[in-house]
Amino acid sequence: MFSAYLIHLLILICIYLILSLALQLAIGYTGLVNFGHIAFFGVGAYTSALLVLNGWPFWAGFLSAGILSALFGFLISWPTNKFKGDYLALATMGFSFVVYAVLLNWTDLTNGPLGIPGIPKPQILGFSFIDNSDFLVLAIGITIISYLIIKRITVSQFGKVLEAIRDDELAVKVLGKDTLKMKSYALAISAFFAGIAGSLYAHYLTYIDPSSFAIMELVPVLLIVIVGGLASLEGTILGTFLIILIPEALRFVGFSSSIVGPMRQILYALILLLILIYKPRGFYGKVDLE
Amino acid sequence: MFLQILINSLIAGAIYGLVASGFSLIYSTNKFVHFAHGATVAFSGYMLYFFFGMLGLNFGFSVILAILFAGALGILMNILVYKQLRSRRAGNAILLIASFGILILVESLILLFFGADVKTIDYIAVSRGLSFYSAIITPLQIVIIIVSVILFILLMLLMKKTRLGKAMRAVSDNKDVAEIVGISAESIYNWSFFVGSLIAGVAGVLIGLEQNLEPTMGTSLIIKGFIAAIIGGIGSAPGAILGAFLLGFAENFGIWYLPSGYKDAIAFVLLFIFLLFRPQGILGKKK
Amino acid sequence: MLKLKNLKKHFGGVKAVDNCSFEIGKGMITALIGPNGAGKSTVFNLVSGIINPDDGQIFLNGTDIANLPPETIARLGVSRLFQQSRLFKNLTVKENLLLAFDGEDTKFLKNFLGLNKVNKEKEEIIEHWLKKVELERFKNHIAGDLSYGQKRLIEIIRAIINPHSFLMLDEPVAGVNPKLRKEIAAMLLELKKSGETILLIEHDMDFTFGVADKIIVMAKGTVIAEGQPKQIRENKDVLEAYFGE
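Heads up: the protein sequence lines correspond to chains R, U and D, in order.
Read left to right, the first sequence gives residues 1 to 290 (my numbering).
Read left to right, the second sequence gives residues 1001 to 1287 (my numbering).
Read left to right, the third sequence gives residues 2001 to 2245 (my numbering).
Take the hints with a grain of salt, since some may be wrong.
[Stated by the list, open to error] With a straight-line Cα cutoff of 25 Å, these simulated DMTMM-like cross-link-like pairs (lysine to aspartate or glutamate) come out: (1) R:K151 <-> D:E2196; (2) D:K2182 <-> D:E2196; (3) R:K151 <-> D:E2095.
[As the list claims (entries may be wrong)] Covered, in the sense of this in silico footprint (three residues per stretch, anywhere, with C-beta under 8 Å from a C-beta of chain D), are these stretches of chain R: (4) 85-94; (5) 180-190.
[To be verified] Rough simulated footprint, nothing fancy, chain U against chain R, three-plus residues with beta-carbon under 8 Å: (6) 15-25; (7) 101-111; (8) 262-268.
Simulated from the structure, these hints should not be mistaken for lab results.
Quick caveat, the model's predicted, so the values are computed rather than measured.
Ideal placement from N, C-alpha and C gives every residue a C-beta, glycine not left out.
Please work from the sequences and hints to get the whole structure.
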């Protein structure tokens, strides 16, 4: 019999895996250092929560979360088209902050810092996923489908063009390909999956507030992608398990709960710095971060 | 009303300028975004609290210690992290990500040792504002503006007139040529972190006195400082200061019309506009 | 085929290209030579659309392409080799070449539904070219791992596979060993025989005089001489440009 704690962890792993695979597509495969990724997560969570609370069926809220996030992803690729590396990171980080500010201040829509409580658990065709073990099955299903879709993209010729853009965008243009279009597709797809991860998150926790979507929440996701290795989906899976599970070990060392929070952050920061210095390709990375 | 906003803008500009100028110095010499600069500012404020508020040392002495410790932290960050990455030919994106790592590490350590609750430094006890025509300004705020102006002048003198300043500009222009004429780039990097972080130390002390201390203050400050540096012209100390005052004005006049919660969003919209249309900033040169 | 008219491009105070005009005939190999800083690479960048001219026109088969983006110009038939290596270093040699064939790989739905599989024809063309340059055993190697000369060959092949009516090669043999140089020269002559139009920039004079039908000499941003290799060799202005007064 699985303990409730283990089920909770596995659900978190599913959500973060989808979120990280999405970021991997943007950074590892297309070379887009998108620090605005958490904004897509937040847009997805709030969209799904608000729609379902307004009577929409779960699957509609779920898909809308993905689609609306994808639209944002598509739109943001245009003004940031000429930005590279750190400039792109900082511009997209700015986008993250604007979204955060909107979530915090547009109280009529989002209820501001008070957040949105009472988000219903998913209900599909009359079946309610109220038990966490049922939710886990749903989450695993969605995660597997997401993985298969993203894998499919990376293996196809379309995925190879994305990788070529990462390696040398100008050379891709000179081969007659519209790189702006390709990058906007990449960001849109990446945002789509971040959005549906957000939907799962909202309907699992049943309560969301802007603090879950602040810029610092990007750190574990970025860490997963880097630790697992750029341009490796298998690495992302491994990275997710490691990054979600390792801090949980802290609970068993006997730290009080007020210390677990900062200890977790310290652990993440140390792992990040050590990996960047000593093993920048992570476990299965095939590519260097520029 | 207008005068109050003007004064608030000046104070905000002075504070952002203190953060932005040190950051800009480090950026222009090292050529990457040292986001962890905000952590140095926070660290300095907490050090003042530690020496003065917790250990009860003399105030002036505590201030000096806090500023020196900040300078030392800057050098430590460079030696322990950035130097290692540079020797492995890390690109700017990696250095930026690493700087986030350092920022989180320092902030979390502060959180661990000092707790999440807001701390105050009780030196200049709740200052009664002085009336200046129809506006109110406190003595501390006047001090902030004066100190920042003095510091800016000192910084400009350093960069233009001293050997160190010239060496930093040489490394900033062309590191390889600078090394050929005998300047050790490594040592200049350390110096830039030291001086930049000292300025951050001053910022931390003043901000710690003016606003209260909380562990994530560094993040918000460096974001504003960074945006100010971009607007004014990153890589140029006068640019950073100009950008800081512009940002201060834009924010304070902006929230005259918008709900105050959107203050931070104003900064980001400005960032976006500049990155799109004039990425080199107002005073910057096109790369 | 290609006609430049009064082309001008200044970078601040530097007159990289200034009142530059010349014509490239079809089915010929034309070489663009000149001392460093003459503006040759700038002309290449202007023609392939990587930068836009301040003034002047660039006609490709009658159409003015002066301000079009690089991907559009590429689709109008211009294929380009860069001076510095621009291979996709994390992809295999085969993957590098597959990207050159057509634009089908940019269609998301088609690729996702599995309707753009790598077909036999493309594989055969790749085999053919790799065999020609004796690199077939590197087909599945990561491109970044190849030696400089090998990379150069792959990039030339990539430019050739890319559908084109006009081939621009910027220093195809720079830094390449003499044996390979001869092979590349032979390849270019073969391409010309099959009707290709080639414009190249080169500093290796033996190589250039060995393949070019016509030579255009640039200095200080403009054309100072053009003609057949024999004429150019004896041209006073050209010698002056290279060796000074």
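Right, here's what the structure says about each hint:
1. Taken as a hint, the K151 of chain R and E2196 of chain D pair is broken in the structure, with Cα atoms around 40 Å apart against an allowance of 25 Å.
2. Straight-line distance between C-alpha atoms of K2182 of chain D and E2196 of chain D comes to about 19 Å, which keeps the hinted pair within the 25 Å bound.
3. At roughly 17 Å between alpha-carbon atoms, K151 of chain R and E2095 of chain D fall within 25 Å of each other, so this suggested pair holds.
4. Against chain D, the segment 85-94 of chain R contributes 0 residues with a C-beta closer than 8 Å to a partner C-beta. That does not satisfy the three-residue criterion, and the hint is violated.
5. Coverage of the segment 180-190 of chain R by chain D holds [criterion: at least 3 residues with CB-CB distance below 8 Å; count 3].
6. Counting residues of the segment 15-25 of chain R whose beta-carbon sits less than 8 Å from any beta-carbon of chain U gives 0, not enough to reach three: the coverage restraint is violated.
7. Residues of the segment 101-111 of chain R with a Cβ under 8 Å from some Cβ of chain U number 4, which satisfies the need for three, so the listed coverage holds.
8. With 5 residues having a Cβ less than 8 Å from any Cβ of chain U, the segment 262-268 of chain R passes the three-residue criterion, so the hint holds.
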